[in-house]
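Residue strings, one per chain:
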Amino acid sequence: MAPHKIVLRFSSTTSDRPIIYHLVKDYDLVVNIVKAKINPHLEGTMVLDLDGERYEEGIEYLRDQGITVHPLNQEVVRNNDRCTSCGACTVHCPAGALFMERPSMEVKFNGDKCVVCLHCLKVCPLRAMEVRI
Amino acid sequence: MPPINLRAIKSPNEGSNFATIGIGTRIFLGGGVGYVVWNGTQHFPGWLKDNEGNIVGSAGGTLSVMGDLKQMKPQWLRGTSFQGYGATLTVGLGIPIPILNEEILKFAALSDEELHAPVVDYSENYPNRVGGNLGLVSYAQLKSGKITVEGKEVATAPLSSYPKAREIAGLLKTWIQKGDFQLGEPVQLLPGPSAA
Numbered sequence: 001m002a003p004h005k006i007v008l009r010f011s012s013t014t015s016d017r018p019i020i021y022h023l024v025k026d027y028d029l030v031v032n033i034v035k036a037k038i039n040p041h042l043e044g045t046m047v048l049d050l051d052g053e054r055y056e057e058g059i060e061y062l063r064d065q066g067i068t069v070h071p072l073n074q075e076v077v078r079n080n081d082r083c084t085s086c087g088a089c090t091v092h093c094p095a096g097a098l099f100m101e102r103p104s105m106e107v108k109f110n111g112d113k114c115v116v117c118l119h120c121l122k123v124c125p126l127r128a129m130e131v132r133i
Numbered sequence: 134m135p136p137i138n139l140r141a142i143k144s145p146n147e148g149s150n151f152a153t154i155g156i157g158t159r160i161f162l163g164g165g166v167g168y169v170v171w172n173g174t175q176h177f178p179g180w181l182k183d184n185e186g187n188i189v190g191s192a193g194g195t196l197s198v199m200g201d202l203k204q205m206k207p208q209w210l211r212g213t214s215f216q217g218y219g220a221t222l223t224v225g226l227g228i229p230i231p232i233l234n235e236e237i238l239k240f241a242a243l244s245d246e247e248l249h250a251p252v253v254d255y256s257e258n259y260p261n262r263v264g265g266n267l268g269l270v271s272y273a274q275l276k277s278g279k280i281t282v283e284g285k286e287v288a289t290a291p292l293s294s295y296p297k298a299r300e301i302a303g304l305l306k307t308w309i310q311k312g313d314f315q316l317g318e319p320v321q322l323l324p325g326p327s328a329a
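Those protein sequences? They're chains A and B, same order as listed.
The first sequence: position 90 = 90 (our numbering), numbered continuously.
Positions in the second sequence are counted from 1; adding 133 to them yields our numbering.
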């Protein structure tokens, strides 16, 4: 089974705990940190690939710690009516999810590669990129 | 800087730039028909030169245009916001260029390898009013997705839509073929290289 892609959101009081250590040590989970923005005493987010037999227990542990857990699936979507394929987003997307097809120079969006960094939302001049909640 | 690989323009004749565009040129504007009024602000009708002083293309002209908003379509007239710049309009614009002679054909037929743009440092040089550029690159290099600037590979992306530009060219072509859109001679051509 493919690992679960999840988003963790930390509050200012939960961001300074060794969460990943406990997921690995106590629940024997395989962790791949796709993206993390954690600072002491500030709200933070982390995108994880998480896998293992005790996955559900691990999620329960995270929720007990006051960390909110959301699935990552298709969080960023493109409004195709708005997109003009201008291409401005393609140099900013760190995951290569937004890219130019050559030689047509059409902008394509591969949601599977998206790490939900949300850079495209600000960069898109037409506001064609949206977050689906 | 990569070597410039093009038919250098040997002796540019006066009026080589903007040989067909001037006041009254009928255009595609926002999905309707509009007209060229005159040049726009920051109109640089001179020639772009490489380090050896060879002409490698035109520096970059701009247009001021007018049109009837009621003819326009939302598809070709979009409110946009560029990070660090602000709110603006993104407008579908198409200028017909009648091929009246060999010289106009030569300019209109230039390929991506033969069209050049300067690389400008907007982070340091430009705000400090340091002139010059970091070299010239071709549109073919820009469209490849990466260029080399001072030995370092840099990612490139456009800001205007190439597929939409092709779509406009196709639309304008069908209008002209149907006879709905007539080409006319401008009353006066735009300021050319001598005005630079």
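Simulated from the structure, these hints should not be mistaken for lab results.
Quick caveat, the model's predicted, so the values are computed rather than measured.
Accuracy of the hints is not assured; some may be wrong.
Listed next, the in silico BS3-like pairs over lysine-lysine satisfying Cα-Cα at most 27 Å (straight line) [claimed, not checked]: (1) A:Lys122 <-> B:Lys239; (2) A:Lys122 <-> B:Lys276; (3) A:Lys113 <-> B:Lys311; (4) A:Lys35 <-> B:Lys297; (5) A:Lys108 <-> B:Lys279; (6) B:Lys206 <-> A:Lys113; (7) B:Lys182 <-> B:Lys311; (8) B:Lys297 <-> B:Lys276; (9) A:Lys122 <-> B:Lys182; (10) B:Lys285 <-> B:Lys297; (11) B:Lys311 <-> A:Lys108; (12) A:Lys25 <-> A:Lys37; (13) A:Lys122 <-> A:Lys25; (14) B:Lys239 <-> A:Lys108; (15) A:Lys113 <-> B:Lys182; (16) B:Lys297 <-> B:Lys279; (17) B:Lys239 <-> B:Lys285; (18) B:Lys279 <-> B:Lys206; (19) B:Lys297 <-> B:Lys239; (20) B:Lys311 <-> A:Lys122; (21) A:Lys122 <-> A:Lys108; (22) B:Lys239 <-> B:Lys206; (23) A:Lys5 <-> A:Lys37; (24) B:Lys182 <-> A:Lys108.
Computed beta-carbon distance windows for the label pairs [unchecked claim]: (25) A:Lys25 <-> B:Gly217: 40 to 46 Å; (26) A:Lys37 <-> B:Gly278: 23 to 29 Å; (27) A:Ser12 <-> B:Ser197: 34 to 40 Å; (28) B:Gln216 <-> A:Ser11: 27 to 33 Å; (29) B:Pro231 <-> A:Ala2: 54 to 60 Å; (30) B:Val253 <-> A:Gln65: 28 to 34 Å.
We put the CB at the ideal spot given by N, CA and C, even for glycine.
So, going through the hints one by one against the coordinates:
Our distance criterion of 27 Å between C-alpha atoms is broken by Lys122 (chain A) and Lys239 (chain B), whose separation comes to about 41 Å. A distance of roughly 23 Å separates the Cα atoms of Lys122 (chain A) and Lys276 (chain B); the hinted pair therefore holds under the 27 Å criterion. Pair hint Lys113 (chain A) plus Lys311 (chain B) does not hold up; C-alpha atoms about 45 Å apart against a cutoff of 27 Å. About 34 Å separates the Cα atoms of Lys35 (chain A) and Lys297 (chain B), which puts this hinted pair outside 27 Å; it is violated.
A distance of roughly 18 Å separates the Cα atoms of Lys108 (chain A) and Lys279 (chain B); the hinted pair therefore holds under the 27 Å criterion. A distance of roughly 34 Å separates the Cα atoms of Lys206 (chain B) and Lys113 (chain A); the hinted pair therefore is violated under the 27 Å criterion. A C-alpha spacing of about 41 Å is found between Lys182 (chain B) and Lys311 (chain B), which places the hinted pair above 27 Å, so the restraint is violated. Among the hinted pairs, Lys297 (chain B) with Lys276 (chain B) is consistent with the structure: their alpha-carbon atoms are about 15 Å apart, no more than 27 Å.
Between Lys122 (chain A) and Lys182 (chain B), the direct Cα distance comes to roughly 36 Å. Violation of the 27 Å bound is thereby established for this hinted pair. Under the criterion of a C-alpha separation no larger than 27 Å, the hint pairing Lys285 (chain B) with Lys297 (chain B) is inconsistent with the structure, at around 31 Å. Only pairs whose Cα atoms come within 27 Å are accepted, and Lys311 (chain B) paired with Lys108 (chain A) is rejected, the gap being roughly 34 Å. Our distance criterion of 27 Å between C-alpha atoms is met by Lys25 (chain A) and Lys37 (chain A), whose separation comes to about 22 Å.
About 38 Å separates the Cα atoms of Lys122 (chain A) and Lys25 (chain A), which puts this hinted pair outside 27 Å; it is violated. Between Lys239 (chain B) and Lys108 (chain A) the alpha-carbon distance is near 34 Å, which puts this suggested pair outside the 27 Å criterion. Using a Cα cut-off of 27 Å, the hinted pair Lys113 (chain A) and Lys182 (chain B) is violated, with the two alpha carbons roughly 42 Å apart. Annotation: proposed proximity of Lys297 (chain B) to Lys279 (chain B) holds, straight-line Cα distance about 22 Å (limit 27 Å).
With a CA separation close to 34 Å, the supplied pair Lys239 (chain B) and Lys285 (chain B) exceeds the 27 Å bound. With a C-alpha separation of about 34 Å, the suggested pairing of Lys279 (chain B) with Lys206 (chain B) is violated against the 27 Å cut-off. A C-alpha spacing of about 24 Å is found between Lys297 (chain B) and Lys239 (chain B), which places the hinted pair at or below 27 Å, so the restraint holds. Between the alpha carbons of Lys311 (chain B) and Lys122 (chain A) the distance comes to roughly 42 Å, so the proposed pair goes past 27 Å and is violated.
Among the hinted pairs, Lys122 (chain A) with Lys108 (chain A) is consistent with the structure: their alpha-carbon atoms are about 18 Å apart, no more than 27 Å. Proximity of Lys239 (chain B) to Lys206 (chain B) is assessed by CA-CA distance (about 34 Å); at most 27 Å being required, the pair is judged violated. Only pairs whose Cα atoms come within 27 Å are accepted, and Lys5 (chain A) paired with Lys37 (chain A) is accepted, the gap being roughly 16 Å. Straight-line distance between C-alpha atoms of Lys182 (chain B) and Lys108 (chain A) comes to about 36 Å, which puts the hinted pair past the 27 Å bound.
The hinted range of 40 to 46 Å is satisfied by Lys25 (chain A) and Gly217 (chain B), whose Cβ atoms lie roughly 45 Å apart. Separation of Lys37 (chain A) from Gly278 (chain B) is about 27 Å and conforms to the stated range, judged on CB atoms against 23 to 29 Å. For Ser12 (chain A) and Ser197 (chain B), the Cβ-Cβ distance of about 53 Å falls outside the hinted range of 34 to 40 Å, so the restraint is violated. Take Gln216 (chain B) and Ser11 (chain A): their Cβ atoms lie about 29 Å apart, and the range 27 to 33 Å holds.
The beta-carbon spacing between Pro231 (chain B) and Ala2 (chain A), approximately 58 Å, falls within the hinted interval of 54 to 60 Å. Distance hint for Val253 (chain B) and Gln65 (chain A): a CB-CB separation of about 50 Å, inconsistent with the stated range 28 to 34 Å.
When held up to the earlier numbered hints, the structure conflicts with 1, 3, 4, 6, 7, 9, 10, 11, 13, 14, 15, 17, 18, 20, 22, 24, 27, 30 and fits the remainder.
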